[in-house]
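The two chains are supplied separately, each in an independent frame; assemble them into the complex guided by the hints.
Single-letter residue listing:
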Amino acid sequence: MPDSIVNDFSLRIATPNGTGSQTSNLIIFRALFHMGLAPSSKNLFPSNIAGLPTWYQIRVSPEGWQARRENWQVLLPLNPVTLAADLAECAPGTVVIDNADMKGVEESIFEGFIRYPVPFDQIARDGISDAKLRPKLRNLIYVGVVAELFGIPEASLRASIESVFSKKKAVADINFEAAMLGATYAREHLQKKDPYRLTSAEQTAGKILIEGNDATALGCVFGGCSVVAWYPITPASSVAEFLIGHFARVREKDADGANRYIVVQAEDELAAVGMAIGAGWAGARSMTSTSGPGVSLMSENLGLAYFAEIPVVVFDIQRVGPSTGLPTRTQQSDLLQVAFQSHGDTRFPMIFPTDPKEAFEFSCAAFNLAEHYQTPIFVMSDLDLGMNLWVSDELEYPEAPIDRGKLATDEVLAKSAEWGRYLDIDGDGVPYRTVPHKTTDPRTAHLTRGSGHDEQGRYSENPEVYARNLDRLARKIDGTVDRLPAPIAHAGEGSGLGIIAFGTTDHAVREARAGMDSLVPYLRVRSWPFHASVADFVRNHERVVVIEQNQQGQLAQLLRIAFPELAPRIDSARYYGGLPLSAAFVRDAIEERMVKA
Amino acid sequence: MSDTPIAPNTNRLGLTKSEYGGMPSTMCKGCGHDRISEAVIQAAYDLGLDARNLIKMSGIGCSSKTPAYFIGKAFGLNSTHGRMPSFATGAHVANRDLVPLGVSGDGDTASIGMGQFVHLLRRNARMVYIVENNGVYGLTKGQFSATADRSSPSKRGAHPTEEAIDLCGLALELGAGFVARSFSGDKKQLVPLLKSALSYDGLAFIDVISPCVTFNNHEASTKSYTYQKEHDVHFHDPTYVASFEHIDVEYEEGETRDVRLHDGSHLLLRKIDRDYDPTDRHAASRVIDESRSKGEVLTGMIFIDIAKTSLVSSMQMTKTPLAMLEEPELRPSRSALEKVMAGFRF
Chain A
1 MPDSIVNDFS LRIATPNGTG SQTSNLIIFR ALFHMGLAPS SKNLFPSNIA GLPTWYQIRV
61 SPEGWQARRE NWQVLLPLNP VTLAADLAEC APGTVVIDNA DMKGVEESIF EGFIRYPVPF
121 DQIARDGISD AKLRPKLRNL IYVGVVAELF GIPEASLRAS IESVFSKKKA VADINFEAAM
181 LGATYAREHL QKKDPYRLTS AEQTAGKILI EGNDATALGC VFGGCSVVAW YPITPASSVA
241 EFLIGHFARV REKDADGANR YIVVQAEDEL AAVGMAIGAG WAGARSMTST SGPGVSLMSE
301 NLGLAYFAEI PVVVFDIQRV GPSTGLPTRT QQSDLLQVAF QSHGDTRFPM IFPTDPKEAF
361 EFSCAAFNLA EHYQTPIFVM SDLDLGMNLW VSDELEYPEA PIDRGKLATD EVLAKSAEWG
421 RYLDIDGDGV PYRTVPHKTT DPRTAHLTRG SGHDEQGRYS ENPEVYARNL DRLARKIDGT
481 VDRLPAPIAH AGEGSGLGII AFGTTDHAVR EARAGMDSLV PYLRVRSWPF HASVADFVRN
541 HERVVVIEQN QQGQLAQLLR IAFPELAPRI DSARYYGGLP LSAAFVRDAI EERMVKA
Chain B
1 MSDTPIAPNT NRLGLTKSEY GGMPSTMCKG CGHDRISEAV IQAAYDLGLD ARNLIKMSGI
61 GCSSKTPAYF IGKAFGLNST HGRMPSFATG AHVANRDLVP LGVSGDGDTA SIGMGQFVHL
121 LRRNARMVYI VENNGVYGLT KGQFSATADR SSPSKRGAHP TEEAIDLCGL ALELGAGFVA
181 RSFSGDKKQL VPLLKSALSY DGLAFIDVIS PCVTFNNHEA STKSYTYQKE HDVHFHDPTY
241 VASFEHIDVE YEEGETRDVR LHDGSHLLLR KIDRDYDPTD RHAASRVIDE SRSKGEVLTG
301 MIFIDIAKTS LVSSMQMTKT PLAMLEEPEL RPSRSALEKV MAGFRF
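Order-wise, the sequence lines are chains A and B.
Numbering follows this note's numbering, with no gaps: position 516 of the first sequence is 516.
Numbering follows this note's numbering, with no gaps: position 119 of the second sequence is 119.
Chain B extracted, bound-state conformation (with noise of 0.2 angstroms):
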């Protein structure tokens, strides 16, 4: 396979952007849900990625009926309302070859969802999990969900009256290996983000906070594109080198950290204004709580660890896929059989 792109506007796979689309969104206009698709679908076509080696997951909401409008051309399983984790578990385990790509919401991941989030993260299947989070249920009109800020009113000026859940200080209390959060809008961000957690071998989990302009964009919102622009912190920007690539950005000694991904692709952070390790699990959770406190939204690489072990490297699995093994190599032999039937004889 060639390197570089074989014809002008194609990439190494010779596929033009459009090629990784999928049907006309059905999002309302202006929905951040609908830039993040096209967000995977740049970092996609960047990459060069073969869409058959993709499966597209999801749940119930808005977020889980976008799969539907990217990379048309790899499968995909809209399963049911905050179940997406175990199908996704399921399917990559049947076929390890099969990367999914799970699109959950605010609703399907933080309440309904939460059970299989969280062994999701412990269990550290490999899979890319975005949460499309704008702290609403969108269709069904604009209820809070659980990670809508209690400072956050509805349109109509009612507060939520529980705490909101930060997902990211969850995925890193239970142990996540690749924690990031991002802001549909900063697709400058979120590709490299989506390029970087595609390289992952675990479970690779990325919060995307993506307005919902028809229900929670409003002014005294803190998921509305304003608050976002207002108040987005990050301490790095990020530059994605695939493996194919070389790495001709220029840097100064000590201002860029560059992680080395499974694939051997590279992620390199480029310090803004102070020095933040994103290998540091505790100081990641000490600058999570702090902007949270202090209203601030932190974006960007948060936390990520290389040395974890994926579940399917974990359980001394056959390298072919099990969904393509065959008679053969499933049915045991008849003298097996009989050597069994001899253990309950006496």
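The shape of chain A in the complex, shown without the other chains (with noise of 0.2 angstroms):
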């Protein structure tokens, strides 16, 4: 018996996708939260129903890194389809805990592996008597096996059980002794040959459990959103989803019982954005969630959005493109797309959360920020983010009040001798929006339109007025970085190399500077367009590499294009395979550049 690793290892799980193995593995996530650890959850799932391969991945680690780990320590084949290419994948001395009962496997190919083999099928024929049941639990008796073999309380288990079947004890009950199956077969016939172990831990004080599309919903709830249209798309779908649970439950109803809020499911993308923007002129805080191929649906619409002002938050999702892509793959692909998307001058800003915490604040605050600058605002999550349980800090209550923006009361009305939705009275671009109902100067009404206008917002052709408008919206666009989150440093040695990354890749880029020598100072971009103090990071290094989960670089090339002058020093390093980033492809990129450097 070699020496323990204690709370540092990860656990892969192979099975066919649609068996109900979810539920397992998710009790095995629950009980490790229970222990207090602060694990990690992956699933690299396939874009069907039922039937083709799934794969779940819980890490454990004494930091309570949240990125993906490459390699894993244990592993439990049970899809009989992937059985040999997943055993392949292992490094000599993985831990395997293969189903025993699978027909017609070679042995050989378990050699160099600590197996333990477990006759699943005949422990659950022997054990569970229903056999309607008895598909959905035999899942159960491998949780027993690793709560066992790794050490995994039992009072953990139960809990962790109990929580995920809160409503109905019944059936936790007899999940949890088909676990205990598990657990015993594994007590009485297997005997411990491996080094990893799991103990109780203090990683989860304040920490909460969540996946990034139910924070995202919370912070509309927060955020005041009243309208949401939506079109169903992986990954975005849980989005509307849990909103439309955490409206009814949140969301205070009217003395009649009555609902503050809408939720439509459109025919498609484009009535979906339809429907968000017609509300947002109207004068409701409106969303839509969606991901790449919806945004390429909703780009026409939100071109309007921007010509005419009109307050909209898009979520995006983002998942692997072009195209249909990998649907249930996670990238950070949609950087450029989204930025210039629609025909014609625009630009939309974006902001980068990186953790459920961030998924919240941001989602709250866009709504202020669509409404103050009256204009699309896009929250750029991804598919790592949205769809995976993450542990978390606990999300805080929004301390900035529901802005409305500028609107045209009649006191604005009364004070200003020149009256035009588009003028631009306070030399900051953002003109006075109107809103029926709330602007009631009869001078305020006007036909919007997305064809050329003036400043009073009649068609006009005229080229100085065009160009006039046009600059207005560039002052107004570059003017929202006074409000959008701000970069965040992070410390670090010398001059000669700096890291800047966004979003879900920020996991791995913490993981990796903790695991080097020198401390390379990273800067952590939250939303484009950029801060002037993202130039002064840029400036203040020889060279800075931007890490990213896309082919082409895309935040380098936003980066090059608002700093032209810095562009020689922008590199970047980019893993487009669309699994998670993991901390090892980001210290390869570094320490690969510093021995250049």
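Keep in mind that the hints are not guaranteed to be accurate.
Unchecked claim - Below are the PhoX-like pairs computed for lysine-lysine, each with C-alpha atoms no more than 25 angstroms apart in a straight line:
1) B/Lys73 to A/Lys406
2) A/Lys253 to B/Lys339
3) B/Lys188 to B/Lys29
4) B/Lys17 to B/Lys29
5) B/Lys339 to A/Lys169
Read the hints as simulated data drawn from the structure, not as lab findings.
Here's what the structure looks like:
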């Protein structure tokens, strides 16, 4: 028996999609959290309802890192279709818990591994009398085996199962009994011969377990959103689905018990964003949530919202493109599409949340930004953040009040000699907005249009009027940096190499930096257009490497466009395989550049 | 509010008809669309409509420009090509007290906008939806639209090679509760239909044949003034009686149908030569189909169902427009967040 490795390994579970194994994986994950550990979960699932292979990776580390670990120390190859391939990917010495009842498997393929064969089928047949429940319950057997082999206390396992089946005590009981079948088998038949162990820890004080899309949805509720229009798309659907639940439970009803919100499932993304923009035009806080293919369809209408200056919030839960791409894999590859989308000269401010806490905060703040600047605001999440379960800091109540922006109220019009919907009265490029029934001065009524218009909103093809309007819009968008989330600097050593990253890449970057001998300065960008401090960071280093999850180095491109004089210093390291980024990738990218430097 | 005019040539709000006007039209001289704008102005004036409660919505095309030319005191949104239904739906659910008056064209609705149009019909959001139907794309110089009849050639003699879409037939098929057709040259019919549409709580669809004098008003066209006058068939003459007016129309028993609308107004349909029940969906589909195969253009109140539930009524929404809610109603309390957090703690 080698030395123990405590709370520092990764477990990979391979199963066919749609067999109920997700519940079992979730039970293991929550049991670890109950032990006071901060595990990370990465669900690597196929675009399929049932049958195709799926993998679930659970990682524990003393630091509670949330990034994906590239290798795993324990494998449960429970999908006969991928058994051989799953084993082939494992390093020698990997712990393998396999189904001994699987037919036609050559014993030799297990050579070099620490193997625990478990007759799952036999245990299920003998222990689960109800044949109808057996296919689902048999998945609990491996939960029990894992618990027994690595040391998840029975109390944590029970608490986890009870929380998963919170409303159904009887269901929780039979699931726990099924798990115990596995635990008992392991206790009686398996001799511990691997070093991996779990013990209770203190990593979870002030922490919650939440999916990014859930936090995003909550941010909409607390941000004052009242109109939601959406069209189903992976990985964004759960934003609207969580929102429906949160609205019903958390948004206070009126005296008659009626709803102070509406959620409309539209016929497509064209209509979803059209409804959201129409609602924004009429004065409600509105949003739509989608992914890359949806953004492609929404772009036309978003161009109108940009030019006619209508607030709306769009959540882009990015997945892998181009085209249908890999619908269930993660990427940060919509930046260039979003930033300048639709025809003509446009810019769409983007915010990059990195974890559920920011998903909540930025979601909430996006509605203020959209109304203040009267323009579409994009919150750029991704599948990794949106659909995985994260150990997160608790969400904090928003301090900033709801800001409806500049409205052309009667008081404003009384003070202003000249009035026009698009007149730059304050010199900041942000005009005074009209809302039917709110801005009641008769002069405010006009026909909002996506065609060329003068300061009064009237149709105009005059070249000077057109250029003046476009220039004001540019000033307005430049000004958004005053309120967009500022970058966060992590100090380091020297002025040679600096790291820039954004969104979910942050987790791998922070983990990589922590494991390196010299601390490389790191700036996490949280929005676009960029703050001046981003240029300063680039200027203060001989070279910066932008680490991002796309092939074209999209944030690096945006930096080069924003700061052309600094372009030669801007390098990028890009991962675009679709799996959540690992610290190993980041470490290699940095070390390679440090050697060169 | 007084139910009777305050001064001569004013309505119950004390407004003159010209106060329901808009900017000068840029349509071609004689365009049917201008007649429709006039009918809208007339209807709004007669109803004593408060322009602040109306929102004018449109897509792209000649027809979609017209909201600039009527009721200038109302807000409006000239949106993107074929997407007006979604903008109107969003605006209306954001403020349920605003009634959208949508103006679209046959290209905007029957081609590029077909996707949104059919779902708008299914969704039944309150709105007046006018298609100014001339069978051609005017702004792009006379290409056929999807409502152009195969028998109706272009000025140069080419015939459409694809089947024409009958928008009223389609609206019936998709369960619309208010389906009417009219002719831009028939104000006597169009104005009461528009008023009825404005009184209807749901999607009120009016297909208005509106000849394009520049590209599709020639001898062989089936969307010309002449063709419409010769082939227009209607079963009844409509009279609209507002809730604040008295029914003083004289009619004989069995000669007139009285449709009571959501706001308490009445649409009286006087029979012409045969009985027609506009509340019978099957009959409506049949007569549309029959008239079409005979080369006739059936106009009038084709179908009406006042029992249908509109989108907002079916969503259990608060009576206060969502757009009027402020922070106390919109942002849940600290303790509400604390309660949610407890569920995530474990």
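Here is what the structure says about each hint:
Between B/Lys73 and A/Lys406 the CA atoms are separated by roughly 22 angstroms; this keeps the pair inside 25 angstroms, and the hint holds. Taking the CA atoms of A/Lys253 and B/Lys339, the gap is about 17 angstroms. The hint holds against a cut of 25 angstroms. A C-alpha spacing of about 21 angstroms is found between B/Lys188 and B/Lys29, which places the hinted pair at or below 25 angstroms, so the restraint holds. The suggested pairing of B/Lys17 with B/Lys29 holds, with an alpha-carbon distance near 22 angstroms, which does not exceed 25 angstroms.
Proposed proximity of B/Lys339 and A/Lys169 is supported: the alpha carbons are some 22 angstroms apart, at most 25 angstroms.
This entry satisfies every hint, going by the numbered hints stated previously.
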